[in-house]
Amino acid sequence: MPKNIDPQAVRRLGAQLRGLKVSAERAAQLAVEIARVNEAARAEGAKNDFNDQPTSFAVTLATLAKP
Amino acid sequence: MKSDLLNMSLCEVAQAIRKKRVSSLEVARACIERAKAVQPAVNCFIAIEEEEILRAARAADRAVKRGAKLGPLHGVPLAHKDMFYRAGRVSTGGSKILRDYRPTVTATVVERLAAAGALWLGNLNMAEFAANPTGHNEHWGDCCNPWNTAHITGGSSSGSGAAVAARTCYGSLGSDTGGSIRLPAAANGVVGLKPTYGRVSRHAILPRVWSLDTVGPLTRTVRDCARITGVIAGSDPLDPTASAHPVSNYERLLDRRIRGLKVGIPRNHYYDGITRDVRRAMDESLAVLRSLGARIIELDVPDPQHTYQLTNAIGQVESATIYANWLRERPQDFSLVVRTRTEAGMLVPGVSYLEALNARPRITAEFVRQVFDKVDVLHAPVMTMPLPTRSETAPGGAGEVMDMLARLTRNTRPINFLGLPSLAVPAGFTDNGLPVAFQLIGRPFAEDMLFRIGDAFQGETDWHMHEPVVPKLL
Chain P
0 MPKNIDPQAV
10 RRLGAQLRGL
20 KVSAERAAQL
30 AVEIARVNEA
40 ARAEGAKNDF
50 NDQPTSFAVT
60 LATLAKP
Chain Z
0 MKSDLLNMSL
10 CEVAQAIRKK
20 RVSSLEVARA
30 CIERAKAVQP
40 AVNCFIAIEE
50 EEILRAARAA
60 DRAVKRGAKL
70 GPLHGVPLAH
80 KDMFYRAGRV
90 STGGSKILRD
100 YRPTVTATVV
110 ERLAAAGALW
120 LGNLNMAEFA
130 ANPTGHNEHW
140 GDCCNPWNTA
150 HITGGSSSGS
160 GAAVAARTCY
170 GSLGSDTGGS
180 IRLPAAANGV
190 VGLKPTYGRV
200 SRHAILPRVW
210 SLDTVGPLTR
220 TVRDCARITG
230 VIAGSDPLDP
240 TASAHPVSNY
250 ERLLDRRIRG
260 LKVGIPRNHY
270 YDGITRDVRR
280 AMDESLAVLR
290 SLGARIIELD
300 VPDPQHTYQL
310 TNAIGQVESA
320 TIYANWLRER
330 PQDFSLVVRT
340 RTEAGMLVPG
350 VSYLEALNAR
360 PRITAEFVRQ
370 VFDKVDVLHA
380 PVMTMPLPTR
390 SETAPGGAGE
400 VMDMLARLTR
410 NTRPINFLGL
420 PSLAVPAGFT
430 DNGLPVAFQL
440 IGRPFAEDML
450 FRIGDAFQGE
460 TDWHMHEPVV
470 PKLL
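In order, the protein sequences belong to chains P and Z. Residue 0 in numbering that gives the first Met the number 0 is what sits at position 1 of the first sequence, and the numbering runs on without skipping anything. Residue 209 in numbering that gives the first Met the number 0 is what sits at position 210 of the second sequence, and the numbering runs on without skipping anything.
Worth flagging that the hints you see were computed from the coordinates, not collected in a lab. All C-beta atoms in this analysis are idealised placements derived from N, C-alpha and C, irrespective of residue type, glycine included. It is possible that some hints are incorrect.
Unchecked claim - Chain P regions said to be covered by chain Z (calculated; three or more residues, Cβ under 8 Å): (1) 13-22; (2) 31-44; (3) 51-60.
Construct all of the structure, not just a fragment, from the sequences and the given hints.
In structure tokens:
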């Protein structure tokens with residue numbers, strides 16, 4: 000289960016960081032959504048290596064192509 | 000005669016124009032007439048450029064007459080999802096916000112199609128900002144399925160699927176970020192290629208998610224798809240993500256010999272929840288491949304379940320970045336669906352976004368080794384259920400609607416995360432009379448293998464020859 004995120008914090012940070020104004024109800028939905036995404040990324044990130052970098056994806060595809 | 004012309008494949012009509020059996024002008028006129036006839040019922044066009052295409056067709060005919068060197072698409076009318084920029088011409092992205100947007104640059108793929116001789120019939124309807132899988136569009140009107148206008152076309156390249164199926168043009172460019180070429184191809188009974196990430200330049204196209212966007216053709220035959228892909232694929236100095244990996248001569252490799260090739264059937268995930276009629280179509284398509292000498296091999300594939308949320312992390316953050324200014328300055332001009340799908344990206348931590356991106360090479364490498372060390376391609380349904388109606392999937396619907404949308408894309412989204420090529424091929428009809436398709440998934444840059452198998456399948460079947468009867472044409 001994803002760790003809960005406080006909808007109030009979502010509402011406050013959304014407004015302060017990005018000027019995002021949402022209702023309390025919408026903040027609750029966003030909190031669930033963000034928690035889900037964040038947990039999945041964190042779990043997968045635990046398997047990443049410190050040398051990994053996003054640009055290596057293109058190299059990976061080229062390497063995996065049939066010779 | 001007009002119907003015969005419109006039922007020709009792209010390669011056939013290109014050959015007929017080249018051999019002077021038909022003029023480009025006749026072909027363009029037939030396409031315009033058909034486009035105007037189906038538009039009231041299907042709404043697949045945002046703009047039809049009648050005068051421009053007639054002028055271009057006359058010029059194409061003059062070139063044939065004087066014996067000029069002709070490109071592989073010479074004189075052939077195509078129409079494209081309204082997101083491929085042409086300098087000075089409106090490109091709406093299916094949105095209200097870009098209703099009058101005139102970019103100052105032209106997409107590399109547009110330049111390449113023009114250099115190959117293709118004509119531009121018009122701009123096609125699409126999901127707003129390429130952001131939904133159904134074909135609903137509150138700004139330009141829903142695009143309706145030509146097989147049954149009560150049903151969805153699939154999206155986001157909704158107009159591309161519908162326009163090609165309805166015989167208004169011989170091919171179309173679409174884009175695929177989570178299924179947006181394969182879904183409308185499957186829903187409309189046409190072929191659609193989502194190429195390997197980086198196979199086709201994305202310079203000067205409307206971005207949706209930089210890390211997942213791909214550009215590819217929708218056509219009626221696999222050979223047509225191979226021809227267009229051969230024209231547009233390759234490196235591009237204007238797009239650093241476009242790969243320098245060599246482009247095969249896709250058409251030359253279509254020898255219809257697939258004996259001994261290994262076609263994998265996933266035991267897990269991709270057939271979960273499949274309905275009886277879709278299953279039947281899949282089994283029949285496999286029987287055809289087996290009869291051609293392919294070896295059908297069942298295998299376990301890495302479970303893609305965890306990739307959905309990783310895809311969301313990437314997609315939400317990148318699209319929120321792309322739309323950030325508009326979300327702040329004119330949020331009312333987005334549909335509620337697009338706005339709400341994008342908002343979360345504002346608050347996903349940057350570290351989570353990069354963790355998702357960094358996991359991609361490892362997950363893709365695992366998938367490719369586990370699957371493509373054993374088989375040449377993977378075969379799976381594009382969708383595991385019959386095509387729903389527009390009302391069943393209408394924006395603003397209850398939780399069931401979201402569940403249905405997730406189900407529509409469950410077999411397409413993982414392939415975008417993995418960056419692999421996938422070809423959607425028509426495989427018959429479900430019990431509700433609507434098209435159904437399988438997808439062939441390959442290792443990176445194995446588009447040639449997908450085309451070979453898809454073309455061999457079409458040599459033995461005629462699903463791609465079926466033509467929808469659009470209400471206006473009855």
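Structure-based check of each hint:
no.	hint	result
1	13-22	holds (count 6)
2	31-44	holds (count 12)
3	51-60	holds (count 9)
In summary, the structure agrees with every hint in the numbered list given earlier.
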